[in-house]
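K.L.:
As a plain string of letters, each chain reads:
Protein chains: 2
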Amino acid sequence: MTQSKDNYCVIMAGGIGSRFWPYSRNNRPKQFLDFFGTGRSLLQMTVDRVRPLMPISNVLIVTNVAYRDLILEQVPDLRPEQILCEPARRNTAPCIAYAVAHIRAITDKANIIVASSDALIMNEPEFQRIASMGLEFVAENDVLLTLGMKPTRPETGYGYIQFEPGEADFRKVKTFTEKPNRELAEVFVKSGEFLWNAGIFLWNMNTIWNCFREFLPDIAGPFESGADKVGGVEEADFIAGMFPSLPSVSIDYGVMEKAQNVYVLEADFGWSDLGTWGSLYDLSKKDEAENVTLHCDADYYDAHGNVVALEGGKLAVIQGLEDYIVAESDGVLLICRKQDEQQIRQFVSLAEEKYGGKFN
Amino acid sequence: MTQSKDNYCVIMAGGIGSRFWPYSRNNRPKQFLDFFGTGRSLLQMTVDRVRPLMPISNVLIVTNVAYRDLILEQVPDLRPEQILCEPARRNTAPCIAYAVAHIRAITDKANIIVASSDALIMNEPEFQRIASMGLEFVAENDVLLTLGMKPTRPETGYGYIQFEPGEADFRKVKTFTEKPNRELAEVFVKSGEFLWNAGIFLWNMNTIWNCFREFLPDIAGPFESGADKVGGVEEADFIAGMFPSLPSVSIDYGVMEKAQNVYVLEADFGWSDLGTWGSLYDLSKKDEAENVTLHCDADYYDAHGNVVALEGGKLAVIQGLEDYIVAESDGVLLICRKQDEQQIRQFVSLAEEKYGGKFN
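So the protein lines, in turn, are chains A and B.
Here my numbering = 1-based position in the first sequence + 8.
Here my numbering = 1-based position in the second sequence + 8.
Wrong hints could be hidden among the right ones.
Same chains, same names: a pair is fine if it fits in one copy or spans any two.
[Said to hold, decoys possible] Below, simulated SDA-like cross-link-like pairs (lysine to any residue); rule was C-alpha separation at most 20 Å, straight line:
id: 1; residue 1: K237; residue 2: M250
id: 2; residue 1: K237; residue 2: W217
id: 3; residue 1: K158; residue 2: G364
id: 4; residue 1: K322; residue 2: C304
id: 5; residue 1: K346; residue 2: H312
id: 6; residue 1: K366; residue 2: D307
id: 7; residue 1: K180; residue 2: M250
Hints in this document: simulated from the structure, not taken from any laboratory.
From just these sequences and the hints, can you work out the full model?
P.N.:
The following block contains the structure:
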C-alpha cells in the first residue's frame with residue numbers, strides 16, 4: 009500500500025437515512041451516528057479508512073450545507089473548503105461531477121476513490137490493500153473500476169454486478185443488476201458470477217470527466233462553463249446558481265451502465281451498507297436468545313431475535329417479544345417488526361405530515 | 009350531604025405500587041402520579057373528594073416519611089401534623105390504628121372514613137352522597153360499615169363481600185371472600201348477592217377502637233400505653249419506638265372478618281382500584297383499534313389493544329403489536345404482554361438486584 013499525493017477521495021455524505029429513524033433524524037443522519045458505541049461515527053470511520061492512502065487534504069466530502077458544521081466538528085483536521093455543499097439533492101451523478109470538477113481545478117492528475125459515508129467495513133487493512141491496488145490500476149488505465157463484494161447470502165436489498173469469467177484480478181463487468189427478488193438473488197449467489205455492488209468507485213480524473221462529457225453532457229457542460237469559478241472564492245455562488253437545475257440521476261444509471269470500459273475488483277472486507285435496522289441486527293453481537301442490545305441495558309424475558317437501541321444509559325425490560333426493532337431516540341420510540349422495517353420510511357413521512365416535522 | 013366537624017378521613021398513602029413500574033418508582037409511587045393527564049394525582053383526587061364532607065384539617069394521611077414532603081407539596085393546605093409517618097410497613101391494621109389513636113387524642117367524637125390514596129372514582133358526587141349517608145349511619149350506630157361496589161364483570165383481582173338479603177340500604181355482611189378464581193367470580197356476579205370489596209371503611213371512633221381492643225389487643229395495647237404521647241410533640245418518637253414491633257396484619261383479616269356488627273352499603277360510583285396497567289387500560293378511552301395512549305402522541309400501524317404511556321411530549325410509533333403494555337419513564341422502557349403483567353413485580357425485583365436500585 010502506498011500513500012500518494014495524486015490519490016483523492018470523494019465521500020458522499022448528504023443522505024438523510026430515514027430508514028434508521030428515530031435514531032437518524034433530519035439534523036443527524038446515520039452517517040454522523042456512532043451505531044456500535046465505538047466512539048466513532050460512520051463518517052469518521054470512513055475518513056480514517058482512507059488516511060493511509062492519501063494526504064488528508066485530498067479528502068473531499070460532498071454534503072448538504074446543514075451538515076457542514078457537524079462534519080468539521082467530527083473531522084477537525086478537514087479545512088472548510090474540503091466540504092462541498094450541494095444546494096439541492098440531485099442524486100449521485102451531479103454530486104460526483106461537482107467533486108471531480110473541484111479536483112480538476114486543483115490538479116491535472118488524480119486517482120479518485122468515491123465512497124458513501126454510511127457503509128460499514130469490518131476489515132480495514134483489507135480495504136486499504138484493495139483500494140490501493142485499485143488506485144494504482146486506474147492511475148495507469150482508462151477504466152471505470154468498481155469494487156464487488158463477495159456475496160455471503162442471497163440479499164435482496166443490494167444491486168449485483170455480473171462479471172466476465174477469467175482469472176485476472178480486474179475483470180470486465182458484463183451487467184449491473186438492480187435489487188433482485190429472492191429467487192433471482194439465490195441464482196446469482198449460486199452461479200459464482202455475481203458480486204454485490206457496494207457503490208465504491210475508482211477512476212482517474214480524466215477518465216471519469218470524459219464519461220461525464222460523453223454520457224451526461226447536461227451535467228458536465230454547466231460545470232465546464234464555470235470552470236474558472238470552481239475551486240476559487242466564487243465557487244459557492246456559482247454552485248448555488250447552477251446545481252439545482254442539474255438533472256437528478258445516479259452515477260450507476262448515468263455512467264456505469266452505459267460505459268464500455270467498466271471493470272470490477274472482487275473484495276471481501278466485511279462490507280455492509282448498513283441500510284436498515286435489520287442489517288445492523290445481522291452485523292451485531294447477539295446474546296444467547298439472539299437479541300441485540302445497543303447503547304443501553306436490557307433485560308429480556310421470553311424475548312428473542314430483537315434489536316433494542318435506547319439512548320445512552322437507559323434500561324429496557326422486554327417481555328414476550330420476538331423479532332422486533334425497539335429504538336428510542338430524542339423523544340421518539342419506534343416498535344416495529346423486523347420483517348416490516350421497509351415501512352419505517354412511511355412512518356417517518358406520515359409523522360412529518362402529522363406533527364409538522366417536530367419528530368423528523 | 010352535610011359537612012360536619014365530627015367527620016374525619018384517614019387516607020392510606022404508604023404503598024409503593026410496583027405493579028405500575030416503570031411509572032411508579034420507589035420515590036414516586038402511583039398515588040402521586042397523574043395517570044390520566046388531568047393535572048391531579050390520585051392522592052390529590054382522593055383528598056378533593058372528601059373536602060365537601062369535613063374541614064380539611066380533619067383529613068389525615070398515613071404514609072412513609074419518604075413521601076411526606078411530596079404530600080405537602082401536592083396538598084399544600086395540609087398542616088405537617090396531618091401527615092402521620094409509619095416508620096415501617098405493617099399492613100393496614102397498624103396503619104389505621106395509628107390514625108384512630110391520633111384522632112382519639114384530638115376529640116372524643118369522630119365519624120371516620122378510611123380509604124386508600126390510589127383508587128379511581130369516576131362519579132364524585134355519587135361518592136359524596138354515599139359517603140355522607142354512611143358517615144351519618146355510623147355516627148348513630150355501633151357498626152363497621154364497608155362500601156360494596158356493584159360488580160360489572162367477574163373480576164378475579166378483587167375481594168368480594170356477600171351480604172344478607174333484604175331491602176335496607178345498610179345490609180349485614182355474611183362473608184368476606186378473597187380473590188376468587190374465574191368460575192367462582194362468575195357465580196358471585198350472577199347470584200346478585202356479592203359486591204366488590206373496595207377497602208373503603210366507615211365507623212365511629214369508639215366502635216373501631218373497641219374492635220382493636222377486642223380483636224387486636226397487641227396493636228391497641230401499645231397505642232394505649234402511650235396515649236399521653238400521641239397527638240403531642242412526643243408522638244413521632246413514640247411511634248418510631250413502638251410501631252416496628254407491631255404485628256403485620258390487614259384490617260380485613262384482623263377486624264372485618266372477625267367482627268359481628270359489619271354492614272355493607274352498596275355503591276355504584278365508578279370505582280377501580282387501578283391496581284395494574286391492565287385495569288388502567290380497561291378504564292381509559294380507546295381509539296378505534298382499542299389502543300390506549302397516555303401522556304404522549306402515538307401512531308399505530310397494525311397494532312391493537314395496547315396501552316402506551318411515554319413521558320410527556322414524546323411520540324410512539326407502534327407497528328405490529330397486539331395487547332401489550334409499552335411504558336417508558338425516567339430512563340426505563342417496559343414492553344410486556346398485558347396478560348403477563350403480574351410478572352412486572354418480578355422484573356422490578358430482578359432489576360433491583362442487577363442494577364442496585366438505579367432503576368427502582
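K.L.:
Go through the numbered hints given earlier and state which of them the structure violates, listing their numbers in rising order.
P.N.:
3 and 7
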